[in-house]
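Given next are the chains, with one letter for each unit.
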Amino acid sequence: MNSQPTAKPAPELVCGKCNRKLEIGKVTVSYLGNRFPVELPRCPACGLVYVPEDLALGKMLQVEQALEDK
Amino acid sequence: MDDQKVRAWEAQCVEEQLPGCTTNCPARLDVRRLVGHVREGDFTAALAVFARSVPFPAIVSRICDHPCEAACRRGEAGDAIRINALERACVELGKARAARRPQGQRRKKRIGVVGAGLSGLTVAADLAAKGYAVVVFEAAEHCFHRLLSWPAEQLPPAAVAADLGALHALGVEFRCGTTIGESGVALASALEQFDALYLGVGPVAFHDPLFDSDGRIAVDPVTFATAHPRLFAGGSHRYGGEPYSPITSLADGRYAALSIDRFCQGASLAANREPQGITPSRLYTDIRGFAPLPAVVPADPRHGYTAEEAIAEAQRCFPCHCLECVKACEYLKHYGAYPKRYVREIYNNDGIVLGNHKANRMANSCSLCGLCAALCPDRLDMGEVCLEARESMVGKGKMPPSFHDFALRDMEFSSGEAFALARHQPGASASAAVFFPGCQLSASSPEAVGGAYAWLRQHIAGGVGLMLGCCGAPARWAGQAGRFDANAREFTANWQRLGQPEFIVACPTCQRMLEKTLPEGRVVSLWAALGAGGVPGAPAALPTRPLAIHDPCTARKDQPTQDSVRRLLAGLGVAAIELDGGERTTCCGFGGLAAFVNPEVAEATIRRRIGACDADYVTYCAMCRDSFARHGKRAVHVLHAARPDPGFSRRQENRARLKATLLRTLWEENMPTEEPPLDVALSPAVAAEAERRQILLDDIRTVIEHAERTGEKFVDGATGHTIASHRPISVTYWVEYEPAGSGFTVHRVWSHRMEVAADGQP
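From first to last, the protein sequence lines are chains A and B.
In case it helps, this note's numbering puts the first sequence at residues 1 to 70.
In case it helps, this note's numbering puts the second sequence at residues 1 to 762.
FYI, nobody ran anything at the bench for these hints, they're computed from the structure.
This structure is a prediction, so every number in the text was calculated from the model and none was measured.
Any given hint might turn out to be false.
[To be verified] Below, computed lysine-lysine pairings styled on PhoX-like, alpha-carbon distance capped at 20 Å:
hint, chain 1, residue 1, chain 2, residue 2
1, B, Lys557, A, Lys70
2, B, Lys358, B, Lys396
3, B, Lys516, B, Lys557
4, B, Lys557, B, Lys5
5, B, Lys396, A, Lys70
6, B, Lys340, B, Lys358
7, A, Lys59, B, Lys358
8, B, Lys333, B, Lys358
9, A, Lys70, B, Lys327
10, B, Lys340, B, Lys327
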């Protein structure tokens, strides 16, 4: 995965704890010992990250499968 | 993986074996390919194939003795393909490639050829093309003197001239009218002028001191060498004059030229030669499906086939292939080749240290059903190959976690407290037998398990114990030998505690696994145990119309079980329709956990099976029945009526409920009380999505409970829905939901395996 923003901000989503709108921020995703910096919507206060369905089942799944075949 | 085993597996697959038309051709012409090009109307490509094996295509297409046709399998269904006539069509209708030219680098060695017949001139052509200086001696005034005996209408002088022209283009020097041997130049002095000499002197006795008193010389049938190191010989002198076989002479020349080239380079004459001459074909081809067809007869026999006639004749070629397993198996079809290639790909995949494992999914998409072995002329079982590959992948830590995690967690559930049980019959302190219904019948039809257990307790003296749990099949199929063994140890210990009674099993997969786990134990099928006593609860459940019997793939080799089920059904008055019989049954798509790894292949497998017969199916594997039901095929289990597939979540609930119910009603014990589960409602569409994505209701509940307890969730301003995630295991589950009454309505679920952490956060 590259470090390009992989998801649009989700302006409608608000953190349930902090009541803050999500913002795109730096996040690390990891799988099978591989780590990648990406940008994903997250709560600017507590850092809770949102992984949209299309990302999870699209690009993220592709990368998971590619890493599983390494 | 063990490379010797791999080689043995590869050798079992005959698909790459050459068809009879090629192995019965001394020059081993690739007839199947040639005919294939003709079928496509590509005479030029067909001619190129012909010319690759035959240096004199114009001549041979007219006079070949075509032993190929005697081996043509089409001959068993009508007339053999008229291969030689097709060759003539190629020569006449195809565009010849540019004539052969000697290769750029000339060699210093000189080669003499005695006799300008087909064998000698083939030697001359092949060696001249390799850059040798070649001189041909012929006692007659013309090359191909012997061919003059053919009538001109069969072998027109123009055909001979065309092929000779190509030979001249190679720069061969001809000395016609020059006799070698007794009445001319002695062989020994001819030999002095050349680095090697080839003798293609024809069938008659040849008088020279290097020949024996009968005028013969001994020739090695493989290398065409004689006792003299620089002297080679072949053609009709070697194989005898009658009947003359032009193609054998030509092939002799080709193999002798190879030897002479090797000799000149100081290489071994005999080592690593491709198969030569006529051999039997090992290729299996089932021709039963082909109706007999007569050969196409040319409208004008003197002119041979027109293009249309040749194409029509070529279309009669099957062509010969084995592919018995590929034709019958969606998995083998899916990857576009055949087992020999797959074995190699899977083996290579196993050996990769750094780089992409491209065959991981392939090795894990086989249902291990054994149909390929049942159909293979050499009994190659791809399931064995795949299973060994899987065990190796697991051993190296290279098994993709996403392949089997879900199924292995389901196995854990079944071996765990919620379901597993091992008891003597209530009130008994010993067991003559123990009933093991298996996890899937319990998941699919808990009441059928209860009914069967009641029947067994009534009819078998000495006490029938009950064991609930998992037979270990998911671990075995996933290549998890360690987990399988651990399960087997626990299983064996429970069985020993019960006094090692005979097993009565309701699932053919369990039966196979138990035979493996307890080689010293006796395992019988429930169907045999029921005998002629009927089926508990079944008369009401089974429809009266005829039912097609689907034997589960794990019962493929279990004739006694197949027979027991048929006897039971007959006793119930069911008119049974046979599909392909037990030995050739197919998988329902669940076997080998293939459906988790390759849903596309599993889907094709089950669709094919469903399409085999319009009648409703009856089977004796709960998974088969539920797979059929899930795909809209009406199917009953011997023990219970048609019903929808319960789905993964309900399967676990049903197992847990079965245990709790039996404990309460038979042993008067209660399972520890648990909080009632969170009430979650899914529309059928969302439930189906969750099923496809391998997300259980319990996973959904865990996410919602976690979100509601911790407040770690998002609120969507547009819909008011809550979106939350939780990672109880190596999967992160996401749920979009909203409160509804005392519970929640679920709108969307998804998951991923990657871990996500915000940078700079705790």
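So, going through the hints one by one against the coordinates:
no. : hint                : result
1   : B/Lys557 x A/Lys70  : violated (38 Å)
2   : B/Lys358 x B/Lys396 : holds (16 Å)
3   : B/Lys516 x B/Lys557 : holds (15 Å)
4   : B/Lys557 x B/Lys5   : violated (23 Å)
5   : B/Lys396 x A/Lys70  : holds (12 Å)
6   : B/Lys340 x B/Lys358 : holds (17 Å)
7   : A/Lys59 x B/Lys358  : holds (19 Å)
8   : B/Lys333 x B/Lys358 : holds (17 Å)
9   : A/Lys70 x B/Lys327  : violated (32 Å)
10  : B/Lys340 x B/Lys327 : holds (15 Å)
In this structure, the hints that do not hold are numbers 1, 4, 9, in rising order.
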